[in-house]
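> Per full-length UniProt numbering: the sequence shown = residues 1 to 225.
No lab work stands behind these hints, which were simulated from the structure alone.
Quantities reported herein were computed from a predicted structural model and do not represent experimental measurements.
Heads up, the beta-carbon is just placed ideally off N, CA and C, and yes, glycines get one too.
Heads up, some of the hints might be wrong.
[To be verified] Ranges of calculated distance between the beta carbons of each label pair, as one might list FRET restraints: (1) PRO158 / GLY35: 27 to 35 Å; (2) ALA26 / PRO149: 36 to 44 Å; (3) VAL41 / ALA89: 14 to 22 Å; (4) ARG125 / THR4: 30 to 38 Å; (5) ALA33 / GLN145: 27 to 35 Å; (6) ALA57 / ALA174: 25 to 33 Å; (7) ALA48 / ALA148: 21 to 29 Å; (8) ALA139 / ALA174: 41 to 49 Å; (9) PRO44 / GLY157: 42 to 50 Å.
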Amino acid sequence: MEPTMRILAMDGALARASAAVWVDGAVRASALAEGARGQAVALPPMVARVLAEAGLAATELDAVAAVIGPGGFTGLRAALALAQGVALAAGCPAIGVTTGEALRAALPPALRDGVAVWSVIDTRRGRVLLERFAPGEDAAAAPPQSLAPEELPDPAGPVALVGDMAGAVAEALAARGIAARLTGSLLPEAGAVAAVAALRLAGRLPPRAALPLYVEPPAVRLPGA
């Protein structure tokens with residue numbers, strides 16, 4: 001009999017905050033709040049709530065997982081700081097999951113196994129953060145890239161789009177005569193984050209620490225600029 005696996009997962013990378021408790025392949029409790037702001041405030045009570053609903057204490061967790069990016073600076077930092085704190089208190093590992101890994105994991109297995117998946121995230125600066133997955137591959141083909149829409153490569157075959165810029169990228173590809181499949185996986189959900197973390201714990205994905213993944217430097221304005 002395989003040992004029980006209990007994972008607490010959380011995300012604040014994009015325009016949503018979410019948390020979930022995942023036990024042996026299924027989400028036992030979950031919560032989410034829409035909105036690009038307020039993850040730092042929303043996540044701690046959300047985490048407490050899903051642990052209570054799942055009937056688990058933090059000390060019973062086998063791992064804590066969080067999305068590391070690409071995404072918004074504030075939301076990423078809030079989720080990662082919380083994940084690291086809970087993991088330290090629980091004495092378990094804190095596992096990092098990329099935005100693209102989480103978005104892809106939310107797709108039906110037949111879809112992600114049958115076609116390539118592109119995760120496309122809006123930088124809010126007129127560029128796309130692209131993370132590509134070959135058919136049936138849980139690991140990305142390369143680290144995320146920052147590209148202008150006109151710099152997007154032509155897919156080698158059928159491709160499904162995930163992420164908050166999926167609609168715009170589909171239009172850009174259609175202008176070249178390339179059809180791409182839109183999916184409903186636009187924002188990460190913590191249940192999918194936990195599923196990716198479980199693959200890492202099982203050795204099916206390379207280890208990744210719960211540290212922020214920045215593809216571009218944070219957008220800051222110097223005083224007097």
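> Could one say that the CB atoms of PRO44 and GLY157 fall in the range 42 to 50 Å?
This hint holds: roughly 43 Å between Cβ atoms.
> Is it true that the C-beta distance of VAL41 to ALA89 lies inside 14 to 22 Å, as the hint says?
holds (20 Å)
> Are ALA48 and ALA148 spaced within 21 to 29 Å by their CB atoms?
At 42 Å between Cβs, range violated.
> Are ARG125 and THR4 spaced within 30 to 38 Å by their CB atoms?
At roughly 44 Å between Cβ atoms, THR4 and ARG125 fall outside 30 to 38 Å, so the hint is violated.
> State, for the Cβ atoms of PRO158 and GLY35, whether the hinted interval 27 to 35 Å holds or is violated.
holds (34 Å)
> Between the beta carbons of ALA26 and PRO149, is the distance compatible with 36 to 44 Å?
holds (38 Å)
> Is the distance from the Cβ of ALA33 to the Cβ of GLN145 consistent with 27 to 35 Å?
holds (30 Å)
> Is 41 to 49 Å respected by the C-beta to C-beta distance linking ALA139 and ALA174?
violated (28 Å)
> Lying within 25 to 33 Å: is that true of the beta-carbon distance ALA57 to ALA174?
Distance hint for ALA57, ALA174 is violated at roughly 51 Å.
Figure legend: structure checked against the earlier numbered hints; hints not met, in rising order: 4, 6, 7 and 8.
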